[in-house]
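For chain R, the structure is supplied; the task is to place chain P on it using the hints.
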Amino acid sequence: MKGHIAFCPHFHQPHFQLHRTREEAFKNSYRPWLQLLSQAVSLDSFYINLHFSGPFLYWLRDTKPEFLDHFNTLLTSGKIGLLGGLADEPFIQLSSRTDDVLYQMQKYDELLTRVTGVSAADWQGIHLVERECGEMLLFQAAQAARALQASPIFYLDAETFYVPHFSYPGSSHDYCLKHFGFTDPVAKTTIGHLPQSLLFFGLRDEINGQEYLSLPVHSQFRYQLLKRQSFTGEDRIKIKPKHYYFYIKDALEQAYNHVRKLGKPLEPLLLIFEDAEKFGQWSKDPQGDREWLMEFFTLVDKDPDLDFVGLKDYLNTHGYLDTYPASSSHSYPEWENWTARRGIRGVTFGDERLRRVICRLRDAERLQDHFEKTVLQKLTIQTSLPELAPVMQRSLLNSAERYQIVEKVLEHHYPDWSPLYRLVNRVRHLVYQEDPKWASRHPSYGSSPFYDMQGLAYLEIAMQVLKEMLKEMNAFDEEETQCRDWDMDGQDEIVVEKGQQALVLDRVGGCIVYQHVLAPQVTESLEQASQLLIKDFKRLRAYNHIYKNSYPLVMTESDSDLKQQFYPEGGRREVTRNSMRCAIWITMMDQEVAVGNFDTCTYSIEPIQFQDGKTLIKMSTQATVELVGHDPVNIFLEKTFIVDENSLQVQFHAHQDRVVENLQIFLVPELVTSAAPSDERHFKPCAWVGIPPSSQEKQAVVQMHNVVAIEGDKIRYFDYEKELATVERMDYLYRLDGADGESYYNRISYQLGENTPLHRLEIRPAVSNYYQDYVYEDQSRLSYHTSGLMIRPWIPFDKGQASLQVQATWELNVQGDPGIYEEVLPLIDGCIG
Amino acid sequence: MNARIMMVLHSHIPYVKRQGKWPFGEVWLFEAMAETYIPLLINWLKLCDEGKETHITMSFSPVLLEQLNSKYIKQEFVKYLKEREAMSRADERYYLSQSDREFARIAAYYANFYRDIRRDYEMELDRDVIQALRFLQNRGQLEIITTAATHAYLPLLDRASLEDQVYWGKRLYEQLFSIEPQGFWLPECGYFQGIEDVLIENGFKYFFVDSHAIEGGKPLGAMSPGGNGEEVEIETFAATGLSTYRPYRVEDRDITVFGRNSMVSQQVWSADYGYPGDEAYREFHKSSERSGFKYWRVTNRSQSLDKKQPYDPDRAQLKVKQHAAHFVQNLENTGKRAVEMGFNSPLIIGCYDTELFGHWWWEGINWLNEVLNCINNSPEIDLVLPSQISPATHEARVFESSWGMGGKHYVWENAETAWMWDIIRKAGEEYQSLKGLEQETLMGQRAMSQAIKELMLIQSSDWLFMVSNNLTRDYAMKRFFEHYTKLLRLTHTVRYQQFDDTFRDWLRRIQYEDDFFSYL
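Top to bottom, those sequences are chains R and P. Using the numbering used here, you'd call the opening residue of the first sequence number 1 and step up by one each time. Using the numbering used here, you'd call the opening residue of the second sequence number 834 and step up by one each time.
There may be inaccurate statements among the hints.
[To be verified] Quick list of in silico lysine-lysine cross-link-like pairs, DSS-like style, CA-CA up to 30 Å:
no.: 1; chain 1: P; residue 1: K907; chain 2: R; residue 2: K2
no.: 2; chain 1: R; residue 1: K242; chain 2: P; residue 2: K1311
no.: 3; chain 1: R; residue 1: K27; chain 2: R; residue 2: K107
[What the hints assert, rightly or not] Partial list, computed: chain R residues near chain P (C-beta under 7 Å):
no.: 4; residue: K242
no.: 5; residue: H243
no.: 6; residue: Y821
Keep in mind that the hints were calculated from the coordinates and are not lab data. Positions of the beta carbon are idealized from the N, C-alpha and C atoms, including for glycine.
Just chain R, same shape as in the assembly (with noise of 0.2 Å):
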């Protein structure tokens, strides 16, 4: 028996990852990998197959040359290959363009070409991001590779290449069963998927012309790999190098006999997938993972049977099992076991929070191919066929490489432009990275905000600079304020672009689903705009304050408590927080109870006006609501959004159609951001709210609920309530440290109406808990930091009605000074002074 091995550990860390735990990785497992790779390749029969993600690469370059300059040295022992792959590690798939996967791939060649001097001619296959592929992906992917001189070799999960409709013929996954009422004879008496011991070669397929090779993944060696503690209290599997290497052995002996019964004398494959970050860095133990793989790599070294190789090496010397691939005819399944069988676009639009993130970037493309059809419109389409010049200008917007090509027509007829183009496209792939796609919640239900928030930071500038180009071209002709379907969602949404905001109202709810925010001197001029991103997209940087130029003020996360059952057993919508919603409470019995679903039902809109340059958009609701022992009432409620360019009013208005007897009823707004601190170094976060000194002499209660204490490295959480003189304005102050050191505030304040009557107001967490009893319970939760803020004011009903206005403002990069404040309530425990 000859068998063979790949070992492909993917090295990643995203675009806007913490300083604290990049530097972690670094000296947990990167440095340490330098350190295992420089001892293994003096062993004979060693070859490791390397992907570094663009992100990654980005930041080693940006930091660390000299582990680059290190690395470089080890290449030069011809036992280490590289993997091609995306340059910013995106679900690109999810993008509306056709010219992306080339433009990634492409960056990705000349990084790593600049970065290492292997070009794409030299990579020995191809990692596509979480090897999560339909058939168009496989399809441009194999285009691009071409376009490149690269070889076309993907690595997919086994899982790939079954279908549940063979693997269980008469279950309900019988696509026969179920949609013809029979079980399916072909799967039931041939062999209609590969069996587990021939998925340890390659595999050819082609999609539309367009050929490949795919190697299989198999997720018990990637779970075997390292497999030295335990990983939970009950799981006591350890596996040892000499276990490992028995697997792999035994695994390699049965494709071998099993191929050669087939008459195919094949040496097979088995392909070795993980993230790098396994080692060292999940153990925190560099050292015994290293003695661990430098045992697996010496007991392969030393067996005649086995070697170690390149993927590309290994299918050039022994070809591919000509064995069609079964579930080639369904499409590739995206890998199920995270996406819970959604696939990314399910994940993604699935979840209310990463589909506003797709329908941001819906309007930066359709932004930026208003720009490129008015700069094509430059281009002069000479042909002997008049009438085909219209035509080829489409095919060229249709190109995979359409952006090379406005490219080009900018360096000549606006050569200022050019390098700004570059920038915009590069800010709108970025957006596309993986990680916060799905990266570290859970695995099937999307994730944390924080990545996401930064490229959306980023995009609106990028948008803004776009706008700019297309005003000085006066091609820019969008309406401030549209009425249209933003989310895809069946139902139009208002989008107001005005001045520093941009702002997306919902009708489901009457609340705010989308606010960003832009310092003044990025919406003043093309120029600054154009600064920021030159200065850390030109190259890219690893470390950024964006923040005080750009923020996303309401991108808020999904909401366990405002979920939506569809029936007992389960199947429900998860619904986010989004900001400006409002209640309707009534005390009874001692009870406070929300009534008539004032916070989630849909609002109807009046024809929006505008006013002294500023937008009004005005939405109402009613609801008759049962009470025990009295006549139902009616409840109306009213709602006038008033936006301008650098504030957002709103006002809050009910009433009830007749005065119940001794019922208290209170109009609760929510005021809510998905603004949050951050430290990137210390993870010390600071926040809090300040109110300011007021003359007034009536007491309110405050009450702070799940107040965060940080003891170590855990958190606790914590209420208490407080009497103030009654409250005219908070200010929200949240802090941003940056990597390099540099420290400052944002702050968002809210200034209520005057004698505003304040029957309490209650602080706290915008989002408690996330798709709450679905995962586990510590990934449920969301601690303060990272969901934001909500104020609820509860103004009591006098003479059947109540109003609330209340006016936001926001200034980002300031001091963040407590002393100016009356009363400061922290939100992080110990985090001032």
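What follows is chain P alone, placed relative to chain R:
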């Protein structure tokens, strides 16, 4: 003072090497290796690695050790494991094709089990069970003792054969472990007054008997059906006032006797009250007709086999934890009661057939592991090895007894087996009549050497047990007669010095077939 727990596991498989594969023969050994010996050893090596104490006393029959050490068995065992893995994979595919995911999952569970046993056998043990035993014994984790060479039932054996069984048992142990064995396991706990003299002559320091041999009273299971289905009345032994909570010196002899504790035995052994009968545990008596794998759980002991529900390993594992905790709690309580009765550091001895764990009681391996973990964590009880016990200060006269039904010899000597004892005695006499004669030819020496092997194989308690209980009776009788006829031909040829080519070829063949105790 803490109570001391002595766990004694007795391991024995008759000589089956090259004596048939399946359904009778080598498969018995392979099953015991895969399901019991290797998982136990791996668990103990792990515990040892984790710095925990195993402190188990293990008896291995010499004939078993010989087989475990055989190159042929090592090769065949790996083949067996591969075949089982392939069969379970085939079962998995079959059940998937039938959309029976529950059974497919169990089949996959078996496939992984056999793969991992092969991994452990090859990678952890390097195919050398003896080496692992030696390692654990040298680390003080195990105390390994020996027993009669072919596991003969000693109380009914003639004196010369008894001495041979003890002597050769000891010799083999020394060959493999390079030290003298201190303890002797009486096969089936079969004791009669006088056997201790043979043990003392061979340098043994201690042996084990059943509880009633020390304490008197009724043996476990007072009324039990006999081999032919009839009810057998059990003798009640006179109460002695002695207790198994302490070791004793056999009256007027310099050897220690340990008595097993009835409570800890009953809890594990009893089909009615013991843990293995739990509804969640794997049903031993029902196997797939396709592959022989056991896919069902006990479900309800009183119901017929066709009512059994599919086995769920995860569910069984939960029960394992509960039962282990319960067992250790019982040990702690028993220890406390013994202290209250005036025993300082009472000794609680549990004796079991090793193959009970894993082979008969599938979850028994995990149970025992949990028990060891719990005892390691218990502040009230400690595991102890016989060599750690101070010399006995009290004397006892021990009853003639065994741990078999009825407490004496009934299981091995009854109406069903009386004829076998006639042959065993005749075979002994036949061999002894030639033993003293010097063999001048190499052929004669070889023949005599093979003759004692055949004699000892005839004496295995296994054939008696199988005939008595009507279990694989045909195979037992076949083996019994084969070894007897081999012995007769050997002794006849030696007696009349009729060594011809036919005999030489035949001798070569039976030396290959009955190939153990190479040093004989």
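Practice problem: Identify every previously stated hint that the structure contradicts and give their numbers, smallest first. | Solution: 2 and 6
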